[in-house]
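Chemist: What follows is the residue order along each chain.
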Amino acid sequence: MKKHDAIVIGAGHNGITNAAFLAKAGMDVLLVEKNEWIGGAAVSRNLHEDWIYSNCSYVCSLLRPEIYRALDLARYGLQVVPYGGSVTMTEDGDYLASYTDEDASRRELMRHSPRDADATHRFERDIMRQCRFIRQFLLRTAPDPTSFKPRDLMELLHIGREFWALGEETIYDTMRFYTMSIAEFLDEYFEHPLIKASHCGSGIIGSAMGVMSPGTAYVLLHHAMGDVDGSAGAWGFARGGMGAITQAMHGCFADHGGTTLTGSGVAQILVKNGQVSGVALDNGDEHHADIVVSNMTLPRTFLECMDPRDLRPEFLEKCRNFKIRGSSGKLNIALEGMPKFTALKGNRELMKADMHLIDSVERLERAYDDWKDGTWSRDPYIDMLIPSLTDPTMAPPGKHFMSVFVQYVPPKIRGRDWTDADRDGFRDTVLGQIEDYAPGFRDLIAHVEVRTPRELENEVGLTEGNIFQGELTMDQLLFNRPIPGYAQYRGPVKGLWMCGSSNHPGGGVMAAPGANAAREILADRRKPNTVPEGWLDD
Amino acid sequence: MKTFNIDSREHYRNKVFPSPFHERQAALNENREWSRWYDYLSVPAYTCSTMEYFAGRNTCGVFDLTPMTKHRITGPDALTFLNRLVTRDMTKVKPGRVGYSVWCDDRGQVIDDGTVFHLHEGDYRLCSQEHQIDWLLINARGFDVSVVEDTHDVAALALQGPTSCAVLKKMNLPEVESITPFGLKHFDFEGTQLTVSRTGYTGDLGYELWIDPDHAGVLWDRLFEAGELHGIQPMGSEALELLRIEAGFILAGEDFAPAMHTVRHRNTRSPFELGLGWLVDFDKPVFNGRRALLREKAEGSRYALVKLDIEDNKPAEHAYVYDTRGRNIGWVTSAMWSPSAKKNIALATVETPHGETGEKMKVEIYYQRELKWHRKMADAVVVRDAFWDPPRRRATPPADF
Amino acid sequence: MTEHVVIIGAGHNGLSCAAYLARGGMRVTVLEAAGQVGGAALTREFAPGYRVSAGAHLLYALDEGLRRELALDRYGLRMAADSLYTIALDPDGQFVSVANGALGGPGAAAADQEAMALYHRQMNRFADIVWGLKDQLPPRLGTTGRKDLFALGKLGLRIRRLGKNDMREFLRIAGINLYDVLQERFESELLKGALSLDGTLGTFLGPRSNNSVFCALHRFNQGRGYAIPAGGMGTVSVALDAAARAAGAKIRTGARVAGIDMEGDRVRGVTLEDGEQIAADLVVSNADPKTTFERLLGLRHVEAGFADRVHHLRTRGCVAKLHLALDDIPQFCGLDGEQRGQRLVVAPDLQYVEHAFNPAKYGEHSARPVMEISIPTVHDDTLAPAGKHVLSANVQWAPYDLKGGWDGAKDAFLDTCLDVLEEYAPGIRGLVSASELLTPADLEAEFGMTGGHWHHVELSLDSFFMLRPVPGSAQYAAPVNGLYLCGAGSHPGGGVMGCAGRNAARAVLAGAA
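So the protein lines, in turn, are chains Z, G and S.
Per the numbering used here: the first sequence = residues 1 to 538.
Per the numbering used here: the second sequence = residues 1001 to 1401.
Per the numbering used here: the third sequence = residues 2001 to 2513.
To be clear, the hints were calculated from the coordinates, so they are not data collected in a lab.
Do not rely on the hints blindly, as some may be mistaken.
[Unchecked claim] Each computed DSSO-like pair below joins lysine-lysine, with the alpha-carbon atoms no more than 27 Å apart: (1) G/K1284 with G/K1314; (2) Z/K3 with Z/K345; (3) G/K1170 with G/K1185; (4) S/K2403 with Z/K323; (5) Z/K149 with S/K2164; (6) S/K2164 with Z/K494; (7) G/K1297 with G/K1343; (8) G/K1342 with G/K1297; (9) Z/K399 with Z/K149; (10) S/K2147 with G/K1297; (11) G/K1170 with G/K1092; (12) S/K2403 with Z/K149; (13) G/K1342 with Z/K345; (14) Z/K3 with Z/K352; (15) Z/K352 with G/K1342; (16) G/K1094 with G/K1015; (17) Z/K372 with S/K2403; (18) Z/K494 with Z/K323; (19) Z/K340 with G/K1015.
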């Protein structure tokens, strides 16, 4: 059987990115995917009549522009279109909107609190300081702080120097920012409860923490550090759904001679004499290569797809302790018409925005208390979008696709597995909440796809349904991600590499882990580097 | 004429709204062009900014100041509050006087500059370039003081130029000519109070008029009636920009980056670095930035803001500045051909120790002739005084023309 | 003429600072509002014949060097008991004891023994890093000062010296929560519950809240266990008071400072509530930072950015103190005589603790609180009439800003506490002859600390070392000439330790030199 230069497991955005950069360097790369379709969690699916769902990830901001350009994604059909701001509705029928126009946003904030409108400058300045600081590390490999290798020492020095360059005040603010809760952090800027609540969501999306949990201020940053066309913190839609991103990446990969096999997952990563030799698929086929790159989560790679005898027990223990608790679920809804949100009074522009229904910090925190107790939130936080208002390809004219991201949703129900009845109960909780804000909503529903952590794990392979392939807490960031000592994409077995979001810099459709892993592999094999450097903003 | 109901929050749903002078402005706005100044519509130029500029230097021009951010500061601690806020000594600004001020963060970096009007004993108006209510309320903690942003409650006009006093006298404002520079007086006017201050942003004889919005229209009408024979003209923001550069006044967001908006901390400036060291009074025991500024005074500043007199006549906007050996030492922040001084002038930021008066520099100017770009390394010299500073600016009583 | 220093507050840090300053040759006057010294390190009567450590009740962090240097033992400091260990109470008597890394008691799981030894060893090593900082003047960051860089380098080196594996583990867990760490390592729910208290007691953190590992390290006293001074915690203060006097400090009680006086940009002294003015070259405040800057100095004397940081200090106390006068020793399920004198903990499992924490977030007290209990009369019979006993317990969560206020809620909460105690010590209700519950509001009123917060300022990674209490005063010198801080609000925080006072004295002496 033919031996490939490399096999990449999992055709999610990081897997394809990795494969594409390797292929661009002239390697013969085989990409294997368990599903019949590619895309992983960046996918567009046609599950009901003429509707297209972005049925996992649903918006785009973090995708690194350097990678966009290097893989020539526009040429392969990708178009990212910004959408209009966000809106948080209140229980008493009002709302707080944020617009793409700065003055309109300021006026809207002033409607609620003139002081907070002004404080927003201070807030945005400080968030931007953090974004600038962190962005430069996204397309770099983290150093090993315990190592004495020149490369690690230089990188540590680099981080230290950049940290120092922030200036005394900002250094202190940075240290506090990384260790505070989003609720406490916002208290230092704002006084209006609704304004605080509207900023809070970004601090918890995808994370197993509450808005009052220290560490959530950083999660806000993880959602703010992206941009659309240089407009920092802005989010957009991929035209045609999130699958358009992975399709374009795959176009690039195929164009550079890559081969893709779908429909059979990896049963085992094969190791011979302490060196990776290939993969055995579920269908019994074996494929061989000296390099195997896993885009699967850390636990799935090492606890499910490897022979434990090929790994050290301490390493396996660390994989078992990897924090990858799911906290979110999703409803993908086909609508026969436009829902009418009481608070929005028919304002179509606001319906194009990112819509939220939770209007207080306390409600958000209570939603988390339910998760801690092993149930989905009775009063959940939802992040709701109607992409079909912006992207005409998502639903037939006059009909709409609505993406409803929901938090919190636990990986298990009080310690046991999800059942279909749980799933329906969860669905009804969410639909009930939307109905409260948009009477008549349920009557518009043509089809609902419900995604709990169970579905996310089974279909996309996200362990415990964690959308970031591992929680974004201090123990799993930078040189700690995924586990200390293995933060440089190199696995514990010769020839085995990791390129998924379990690795630095983490989840979101960023493609940085895939690119970083490719850079490391190419350097290791003394191949020309095809991975771009980060663009610095000075 | 109030253009909206301030008590209802509904007006915030409009992105921008007309000033109380809007109808008058619209009637005169031949260009039909409007720009946005925070919440208000503002006129860039009514007919021709050059002619409006010359009205400001030769007769008088009227500029709508209403959109400028204004605050009312009252209460027993008003003075101590202000004294901690700004760098200058406010005890020296007596009732009926106005003080140009600058305020800093704890790092001694400039947040904004503006004017403080001591309207009555213990009753102040603070005008700023940027929104400041967040910072002012942070500052108010621990003081018995009320700080209210009242931008929408005060209509204001700037009347600037050599015939401005004559116009006001014709409006029968008793002893208006006795107001000294940076002085103010209150007058009964059409059943309300009109406050006139001898202040402005043009470096020439000029006044600013403050009134409640319901009387805005009548003020405008009376002003233009009185000014008819004195060459009164409405003036847009483009003309004002030319006037302020000639006067050597700095603009937030142009000549310095306000600290509250500045992400890269090295890009902010201290008062010393903006040439405003004369506004810093270390005899005050405490004010924001004092400790940092004391250190800066001892250790030296990083930058200096200079006025450049540049050879030739090609405006030096966005130009790099070099020392005579060709080393890049800074950049131009505002530049123009000065029609009054007949000089090519600029405000520039240069690294210290550069920036001494009389120092020679080079300015790299890019200019276009029929779409073709040219580059010129022009000689420039640092000058101390404003490019335009006529004696009539200070004379009291002012002459009629 | 030597410089005259006035110290506001004769808490243990104020006294320790006074002693060191006096020894450094300064003229020192300590002004204490209360009728006695000690602040929250105090023994007082709460019912006729019954005395108790009214604030802190267990000694675990008193700096040994300080104890030696100030010869506190010579001034009467003696331990009635030391090396006390923790017993995790269980209503069925299946308790677990944790003594210096060894598990005991009927509830101890065999599988946890080894894990406990490893945990103890690692936490000790990690705590060494945190404790190693407690004598240090926190460096400033982002500067080019050689001393600052050196201090950081030293910290880096200490972390490196842990060796590769421990260093990795330290960097992994230092910023996260105890819940995750305990779940990784232990099986017994009771043990995990009890250990989670190490990171959450006295803080606004639940076991799942990040930073709780750090708080546990801050408490981890190198395995020395807990001690009870003979005569209660007040003895520490009395000894410190004597040491300070012996060094030449003057200490006035009943002298409540109303304000710090300024002349120009420096302090000039203080004014007492009765109007008396006391001139001083330097003022050192043992009061919490909020009280110091907002009330005594006035925010108008500091710059606004600094004032804003002070304003946002988190000072919401969350522990109530329960004192019971008992007719007899209570029978805790499964415990025998000696065991009843240990540190007894009600924290049956992680979920219980987390549930006790949840309501605090919303300004409500726990429906079923966690407790840290001490019965000092087991070791010291001077505190109660012969044969009688005193029970002292930290109860949480009882947030300072209880919705609706504490006035109407206090009796019900006391009842809740007794209900919980009754489960673990059946019949205890019948033994109670008198009781006292001090809510954070009461602690604020009695000891003058804002929010009734033990640590003056929430102890957390975002308020530690160079961030404590706020940047701009983390090196003990306030941004006002002549004013210093020396209380628990400063590095290294609360607990009867004395380090903040000593460090402040060093900063003052260095500044004067």
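Chemist: Each hint should be assessed against the structure and marked as holding or not.
Modeler: Hint-by-hint comparison with the structure:
1. G/K1284 with G/K1314: Given that 27 Å is the threshold and the Cα spacing comes to 45 Å, the pair is violated.
2. Z/K3 with Z/K345: This hinted pair is violated, its Cα atoms lying about 62 Å apart.
3. G/K1170 with G/K1185: holds, 16 Å
4. S/K2403 with Z/K323: At roughly 35 Å apart (the allowed maximum being 27 Å), Z/K323 and S/K2403 break the hint.
5. Z/K149 with S/K2164: holds, 13 Å
6. S/K2164 with Z/K494: holds, 21 Å
7. G/K1297 with G/K1343: Since the Cα atoms of G/K1297 and G/K1343 sit roughly 33 Å apart, the hinted pair is violated (cutoff 27 Å).
8. G/K1342 with G/K1297: violated, 36 Å
9. Z/K399 with Z/K149: Cα-Cα ~59 Å, so violated.
10. S/K2147 with G/K1297: holds, 24 Å
11. G/K1170 with G/K1092: This hinted pair is violated, its Cα atoms lying about 32 Å apart.
12. S/K2403 with Z/K149: Violated, at about 56 Å.
13. G/K1342 with Z/K345: violated, 59 Å
14. Z/K3 with Z/K352: violated, 49 Å
15. Z/K352 with G/K1342: Distance ~54 Å between Z/K352 and G/K1342 Cα, so the pair is violated.
16. G/K1094 with G/K1015: violated, 39 Å
17. Z/K372 with S/K2403: Since the Cα atoms of Z/K372 and S/K2403 sit roughly 24 Å apart, the hinted pair holds (cutoff 27 Å).
18. Z/K494 with Z/K323: holds, 25 Å
19. Z/K340 with G/K1015: holds, 24 Å
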